[in-house]
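Novice: Produce the entire structure from the sequences given, and follow the hints as far as they go.
According to my numbering, the sequence shown is numbered sequentially starting from 1302.
A portion of the hints provided could be inaccurate.
Below, simulated EDC-like cross-link-like pairs (lysine to aspartate or glutamate); rule was C-alpha separation at most 16 angstroms, straight line [unchecked claim]: (1) K1404 <-> E1313; (2) K1319 <-> D1489; (3) K1382 <-> E1580; (4) K1391 <-> D1557; (5) K1319 <-> D1464; (6) K1416 <-> E1476; (7) K1432 <-> D1388; (8) K1382 <-> E1476; (9) K1417 <-> D1464; (10) K1560 <-> D1582; (11) K1520 <-> D1489; (12) K1404 <-> E1462.
Read the hints as simulated data drawn from the structure, not as lab findings.
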Amino acid sequence: MSQEYEVIIGLEVHAELKTDSKIFCSCSNTFGAEPNTNVCPVCSGFPGMLPVLNRKVVELAVKTGLALNCEIADYCKFDRKNYFYPDLPKAYQISQFDLPICKRGYLDIDINGEKKRIGITRAHMEEDAGKLVHQGSITSTPFSLVDLNRSGVPLLEIVSEPDMRSAGEARAYMEKLRSILLFAGVSDCKMQEGSLRCDANVSIRPWGQQELGTRAEIKNLNSFRALERAIEYEARRQMEALEDGEEIIQETRTWDEEKQVTRSMRSKEEAHDYRYFPEPDLPPLRISREYVEEMRKLCPNCLMRRKNGCRIFTACLLMMPLC
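Specialist: Structure, rendered in structure tokens:
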């Protein structure tokens, strides 16, 4: 290639939290049940059903935030993220928008014997959507079935800064993040079951240019190998397109494991308008500093011992509606 390019990578990691029940109802949070058996009117989106927050989800989110050197918010709230998809029966997802529970953290990785710090923009709580079961590959299936067992499973979305510059760095970040989540006991991180998955935002720019290039988002990568190969392919695809005089468009792509290529799913020429607004059925949260500081003292270096370790007293956490 006549031009040299720099690859810019940011990751959005979704970790299912290790709770007994779902985030807003008492349905079981277990993997492998018969389709559409761990469901109720709340998580299947019946009109008029009211969510009730699972306290354990907040505890695990705070644990994760401390382990990732994040600031823990004194005040946070839930929001509705509105979009339509077949496995989202309410046509909105309860998530967090402008006031997440964790923000401004970092994670250090080792690259060729040198330490590199990757910034973490935020980590926020949300509910998972259901699952589409494709009859074949996602790009060739004649029809798909909807399983709502996963709908309402508690998620923590961990969003990095675009600080990674190679597929190897992205893999190192993902491996380090997984080890932290496992050690903290907040997720089982079984990528083969979808309890840890990743979306990769990839763009390129000529060396020396400060402005970021147009990015493509690669959805639902569920193995380290897939993450590394998808980023390598996508960076190469964008470079070849620019060399051929083509314009890179903002879009969502999927990874075809069989063909070892990324494929376009939908264009995203402008930022999607999710029409966020505060969730009216859930009060905002106040998280006491006493709780956070007690957790720091009980859990050295913010890494939770899974056995014979610290006990977290939920009475330290004050969740109060605000008026």
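Novice: Now tell me, hint by hint, if it's right for this structure.
Specialist: Results of checking the hints against the structure:
no.: 1; hint: K1404 <-> E1313; in the structure: holds, 14 angstroms
no.: 2; hint: K1319 <-> D1489; in the structure: holds, 7 angstroms
no.: 3; hint: K1382 <-> E1580; in the structure: holds, 9 angstroms
no.: 4; hint: K1391 <-> D1557; in the structure: violated, 29 angstroms
no.: 5; hint: K1319 <-> D1464; in the structure: violated, 29 angstroms
no.: 6; hint: K1416 <-> E1476; in the structure: holds, 15 angstroms
no.: 7; hint: K1432 <-> D1388; in the structure: holds, 6 angstroms
no.: 8; hint: K1382 <-> E1476; in the structure: violated, 29 angstroms
no.: 9; hint: K1417 <-> D1464; in the structure: holds, 9 angstroms
no.: 10; hint: K1560 <-> D1582; in the structure: violated, 45 angstroms
no.: 11; hint: K1520 <-> D1489; in the structure: violated, 21 angstroms
no.: 12; hint: K1404 <-> E1462; in the structure: holds, 11 angstroms
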